[in-house]
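Chemist: What follows is each chain in one-letter form.
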Amino acid sequence: MTRTARFDLRDLVAEVLEGVGARPLRLFVSLLGTVVGIGALVLTVGLGQTAGGQLDAHFDSVAAEHAEITPQKKQGADGEERAAAVLPDDSVDRVRRLAGVLAAATLTALPTGGLRVSAVPVHDPSEPETTPPPVYASSGELVEAIGARLVAGRAFDEGHDARGDRVAILGADAATALGIRRLEAQPSVFLGDRSYTVIGILGKSATQAHLAAAVIIPTGAARRDFPAIPADLVALHLDRSAGELVSRQAPIALDPNEPDVFTVAAPSRPTALQNEVGDDLDIVFVAIGLITLLAGGLGIANVTTLSVSERTGEIGLRRALGATRRQIGAQFVTESVVVGALGGVVGVALAVLAIVAVSALRGWTPVLDLPLAFGCAALGAAVGLAAGAYPAAKAARTEPADALRVS
Amino acid sequence: MTIREPRSDQAAPLVELRGVGRSFGSGRAVTALAGIDLQLPAGDYVAITGPSGAGKSTALNILGLLDRPTTGEYLFDGTPTAALDDRRRSELRGSGIGFVFQSFHLLPTRTVRENVMLAFTYGRIPRHERATRARTALERVGLGHRLEAFPATLSGGERQRVAIARAVCTDPRLLLADEPTGNLDRANADAVLALFDDLHADGLTIVVITHDPEVAARARRRVVITDGRLRETPMSEIDR
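Protein sequences appear in the order of chains A and B.
Throughout the first sequence, residue numbering follows the numbering used here, covering 1 to 407 in sequence.
Throughout the second sequence, residue numbering follows the numbering used here, covering 408 to 647 in sequence.
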């Protein structure tokens, strides 16, 4: 009779698949924990990556169409950073003529030190002290230049600016804080004793998110009512293809003799805080995923231990048929690994489906690292290995005579 | 006590127990076997009887290499087994010894054919021979028509015949049966014993543990284990 090597890999695989598939209900229970754990991990990371992808796409779009010009800063003798140059008063006129500049506006933070900002003319000594909203001065094309929109009313224009009209637009948060919701009655905001008619409420800005909490008045009025101070920056709305050209030409337009003192850059990313919050949430969800995965591992360990107890007779039979301790241990630990891997694959698959579904609903492009998906499936197998090691060792240690007697 | 082979065969015995003892636990250990001697030449057919708890199953476990004696020596086919490691003992068990249990030990999720083929997994039978050999073994026990049936659909007698097919399909040299008819009615028990007669006629060495005098009466020799000690019983004593 021809003899071959006994119990080779094919035998092991066949026995493992038979063992795993023989009890579908038990397989389902074993899979559940790993599926949920791996699924939660992949879903958390995948949704984070997908959302991050949308954020990047949005930011890239904003960066391609908006820019801001600021004077360079240098450190003074006292260690304070100061502007190395001053934006000229006619900065907007100078850059507006450049090809590819669709809108331009200066933005100046006004010194309000102690100035009362209120919607009512009379100061009520009993009202609680609040931090007044910041006040900015800007030129006519501000709304377009900063990529914002008005949620109510209108923006001031060059006429307001030239005449020095006392009008104002409010950031949405500032309007809420001042109690101004409707503009039909021509409400006013008081900067100290001076009344400014509110003509518009500004919505979200893609580039100057901080203006949501601000009061903005025309530069002309600011020149009359506040000490003369130079603009902090010039905001630009550009043709998408003109960014590089404008970044070269704008500093020259502002100061042909010393163009290097101005910096043209994409607006600073306004979502840093949101990202930090997002990161915190991610950590929470990853932690939940890991804890669920741990519970899944314990589930596999429990079910495998139960399986070893229930299959004691089978272990005895296999030993009687010639199985070694090592072969018994290998079979049970491999079954556990297969269950873990299966849970990982199913978990990853469900998570990918969920990510695709969420992305489809939100109109996003789903993003998920392929190595991450494979890694998580492998993590399921690793959990199965860790969970099955003890029960498998217990199975291997079972004395065949005892096993046959128990059954 | 040494049981000698009554026939005049000069060949070395297939099974030889020399003063084999087995006790369980430490301290006040329980002695299951108290130094028994037994020789079984190839082709023998022995029934081991005795009261419950006398040590019959312990003897069978030692004969089947499922347990190790505490004292004494066990030679299988001339090979001392005490020094063999788990792998060698398992190999010897898988290729040289077949088992038939009272409770059949069939895997309920596998067909009759698959249950028999399980023996080949550990028995060094080439893969391409397995299906044919399983069919041949099942045809021999009269179950060639139930290859794809599941154990739950078989009668007790049929299940035991599947277990016998599984035990002999690897061409073992020794067949150990522990109360093989304990769960069967008389007709099925007779069918199983008839199979044992056939296997014995083909030269297979058979050891049967039984409480049933009718089963013991079918064997060529009978030994009794009482309180861990073994003695041979003349056929006439059993027959009475």
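No lab work stands behind these hints, which were simulated from the structure alone.
Check each hint, because a few of them may be wrong.
What the hints assert, rightly or not - From the structure, some residues in chain B lie toward chain A, with a derived Cβ separation under 7 Å:
1) R435
2) V437
3) T438
4) A441
5) N468
6) R475
7) D493
8) F506
9) T516
10) T518
11) T528
12) Y529
13) D604
Said to hold, decoys possible - Distance windows between CB atoms, simulated:
14) B:R494 <-> A:N302: 27 to 33 Å
15) A:N302 <-> B:T560: 29 to 35 Å
16) A:R26 <-> B:A436: 36 to 42 Å
17) A:L294 <-> B:R475: 57 to 63 Å
18) A:G53 <-> B:H535: 30 to 36 Å
What the hints assert, rightly or not - Listed below are several chain A residues computed to face chain B (Cβ distance under 7 Å; list not exhaustive):
19) F7
20) D11
21) A22
22) P24
23) A64
The C-beta atom is built at its ideal place from N, Cα and C for all residues, glycine as well.
Chemist: Determine which of the earlier numbered hints do not hold for this structure and return their numbers in increasing order.
Modeler: 1, 2, 3, 4, 6, 10, 13, 17, 18, 22, 23
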